[in-house]
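Read off the chains here:
Protein chains: 2
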Amino acid sequence: MPSPPRWPESQNKIPESVVIGKSAFEARYGFARKDVRLETWRLSPFNRWSFQNVGELVPSAHVAAALSGGEQAKSLGTLLEEKVSLAGGSETVGSFLKRSDTDGLTILKAGKVVGDWSAPHMPFGARHIIFSISKSVTAILAGILEGEGVFDPNAPVTKYIPEAKGSAYGDASVRNVLDMTVSLDFEEAYLDPESAFARYRRSTLWNPGGGSESLAAFLMTIQRLSEPHGQTYRYRSPNSDVLGILVERASGMRVTELLREKLWLPLGAASDMSVTVDMEGTARTAGGMSMTPRDLARIGEMMRQGGTANGRRIVPEAWVSDTVATGGSFEAWQRGTMAFLFPKGRYRNKWYQTGHDSGAFCGIGIHGQWLYVNPRTEVVIAKMSSQPEPVDDKLDEDLVAFFEALSGMV
Amino acid sequence: MPSPPRWPESQNKIPESVVIGKSAFEARYGFARKDVRLETWRLSPFNRWSFQNVGELVPSAHVAAALSGGEQAKSLGTLLEEKVSLAGGSETVGSFLKRSDTDGLTILKAGKVVGDWSAPHMPFGARHIIFSISKSVTAILAGILEGEGVFDPNAPVTKYIPEAKGSAYGDASVRNVLDMTVSLDFEEAYLDPESAFARYRRSTLWNPGGGSESLAAFLMTIQRLSEPHGQTYRYRSPNSDVLGILVERASGMRVTELLREKLWLPLGAASDMSVTVDMEGTARTAGGMSMTPRDLARIGEMMRQGGTANGRRIVPEAWVSDTVATGGSFEAWQRGTMAFLFPKGRYRNKWYQTGHDSGAFCGIGIHGQWLYVNPRTEVVIAKMSSQPEPVDDKLDEDLVAFFEALSGMV
Chain A
1 MPSPPRWPES
11 QNKIPESVVI
21 GKSAFEARYG
31 FARKDVRLET
41 WRLSPFNRWS
51 FQNVGELVPS
61 AHVAAALSGG
71 EQAKSLGTLL
81 EEKVSLAGGS
91 ETVGSFLKRS
101 DTDGLTILKA
111 GKVVGDWSAP
121 HMPFGARHII
131 FSISKSVTAI
141 LAGILEGEGV
151 FDPNAPVTKY
161 IPEAKGSAYG
171 DASVRNVLDM
181 TVSLDFEEAY
191 LDPESAFARY
201 RRSTLWNPGG
211 GSESLAAFLM
221 TIQRLSEPHG
231 QTYRYRSPNS
241 DVLGILVERA
251 SGMRVTELLR
261 EKLWLPLGAA
271 SDMSVTVDME
281 GTARTAGGMS
291 MTPRDLARIG
301 EMMRQGGTAN
311 GRRIVPEAWV
321 SDTVATGGSF
331 EAWQRGTMAF
341 LFPKGRYRNK
351 WYQTGHDSGA
361 FCGIGIHGQW
371 LYVNPRTEVV
381 IAKMSSQPEP
391 VDDKLDEDLV
401 AFFEALSGMV
Chain L
1 MPSPPRWPES
11 QNKIPESVVI
21 GKSAFEARYG
31 FARKDVRLET
41 WRLSPFNRWS
51 FQNVGELVPS
61 AHVAAALSGG
71 EQAKSLGTLL
81 EEKVSLAGGS
91 ETVGSFLKRS
101 DTDGLTILKA
111 GKVVGDWSAP
121 HMPFGARHII
131 FSISKSVTAI
141 LAGILEGEGV
151 FDPNAPVTKY
161 IPEAKGSAYG
171 DASVRNVLDM
181 TVSLDFEEAY
191 LDPESAFARY
201 RRSTLWNPGG
211 GSESLAAFLM
221 TIQRLSEPHG
231 QTYRYRSPNS
241 DVLGILVERA
251 SGMRVTELLR
261 EKLWLPLGAA
271 SDMSVTVDME
281 GTARTAGGMS
291 MTPRDLARIG
301 EMMRQGGTAN
311 GRRIVPEAWV
321 SDTVATGGSF
331 EAWQRGTMAF
341 LFPKGRYRNK
351 WYQTGHDSGA
361 FCGIGIHGQW
371 LYVNPRTEVV
381 IAKMSSQPEP
391 VDDKLDEDLV
401 AFFEALSGMV
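Protein sequences appear in the order of chains A and L.
For the first sequence, the residue numbers in full-length UniProt numbering are 1 to 410.
For the second sequence, the residue numbers in full-length UniProt numbering are 1 to 410.
In case anyone wonders, no lab produced these hints; they're calculated from the structure.
Any given hint could turn out to be false.
Said to hold, decoys possible - Covered by chain L, according to a simulated footprint, are these stretches of chain A (three or more residues, beta-carbon under 8 Å):
1. 31–42
2. 137–151
3. 192–199
4. 256–269
Computed from a prediction, not measured in an experiment: that's the story for all the values here.
Here a beta-carbon is modelled for each residue, glycine too, at the ideal position from N, C-alpha and C.
So here's chain A without its partners, still in its complex pose (with noise of 0.2 Å):
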């Protein structure tokens, strides 16, 4: 008898009679994830899978056992009574930590930790939703993927997923829907019930009424403007949505399966992570990961480091390379709308290159989510906040003066 199987070796390959559309979870299990939903999950054979994954149907808390290897958080000390010049002028770390809504802050300089901060709010060890850093995150799989030889960033999207035939992705590359340059006729229509705004996050299950529409659906419904792709840095959520759809279709495998065989063990993460999904499993790549400050700091430190962590290489070299400080378009970022934070900037596999001398690169997401990597100072800045607005131009300003500040204080 066999000992037993064990994540992730024994579960997560490939077999080989996976194709594009039959994935590995269908191989192992019979049936597909989008067959286990509210109306099946107790049913057999539903429950082989279910009965182990009850947060991907039903809302649930949390419970954390003891941090892996113990880790204790590190006050940052004397550093938050100094001062930092900003905009308004100059202000001590630890006031500009409360006044831009700060829950939780790692800072690790060449790999070691400096210290962390939780507001009274946050205890260390506490999972926070990164929102649109999970793109990033999500970019990383993809440059594994193409690492392993099994994604093509340069592939028309209906390589992988030929039902975009007919929607906006049906002519786009992947490497469009990657760089945030496909043609996408999609506002975000905050007020408007019926625009595909509010279908959307309806889809994500992040809004009341949702559970009618899945999320591939609703993806699959947008439309294309007349400029040709490629040619303007449109920032739109749905295309990274779009992402977590083709690393699986590629792969095989779910998002979760990739993020924890390829991304999270071989990291060291001390802390589980998770990702929201919509009715039928899909992840919300575009935004809907939680993990610790500590182990977001991992990943930044694993770009830092040009791919690798403990030793191991996790994702090529040159990929990041490409991601961080040689790749991406100028002229498209500057015919969006956010050259006016990175002035010199531009935008590569879903990381921002800040165009600053220190080859600054960063994570972003809405209400003050900061993964911030100075490979100059050797620095990576972790912030995880809950400002009010989801966006807040005035503070970006101040948040980035902040981090190239505050990366050569420590």
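Place chain L on chain A using the hints.
Using the frame of chain A, we list chain L on its own:
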């Protein structure tokens, strides 16, 4: 500047200002957990909590870090070929594990791991829903709080839940709730969509169509029978959801906070656990917990040890002894519908006393969840399954015989 707060000591102390009706959560955040819903979760100030607890609001997939302490599965080896004698004749352990749709199994003897078994579709280290063993776990919290002097099992329910007046719980005692002797007018009418049972399932978000009535609101609508409380063992899950609310009201802490501080960390659990919640964050303490077989076995071992784990007292010895050996009404059990399974048994504090000479006791959940503890042989067996039927009386009789036999074989 003080160093960042750390779970659980600094966060979960009950502020002196807390009285029944105002929870530690409200004292800490300035709003109640039930104010955080899909409608509000991205708004300030609710996002100071929701951004750390997205899984309570949106179904989420879980990506586990490495197991704490690097736990490894241990094979049951030749035990799988050994024969056990059951109702239908003799069969091997391995054959019976498959016939009873086992997903994961862990056996301890004298606190040491004898071995684990997993079906091919359940990786070692995965969590699995334990259904009604959640009741037994919640009752441990009640026992701990009783030991701390903040919870009185003999008080009326209305001491902690004043709004229970007018419902079946209006003149019931906490003891009735703990021992399933509430005279509750509630039947499991599976097929009537307008029935109380259908409303119950929607209020827990376990079935489609939920979200318009909270679990707590539903529970307070159930009426009583004319029979006095305390006479008959009536297994009704809503009682156990009421128990979750009782321990929250008595302590001022959420069930998840109690679980972590008072059980999960002292127990030395190796992996995170979770519990499903309703629209207001009320935990499904009647059946919504998920954990690994190893961690479930740790709970059984703590009970076998009279309430201690890792040399630390978790729950009073007298409470454990009352629960697993001396307490409970034989007459109430006899009047109930489960006496066929344990003819000499009793039910106390959500645990089953088998009445066997071995002194065995257990927690049981639908679809084949079992936590079996045999004091004489010092054996603990945690079995998680995906049996097609929620309840299978015939198989249950085999299972009891199997556990009894197995505990003598290891």
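Can you give the numbers of the hints that this structure goes against, from lowest to highest?
2 and 3
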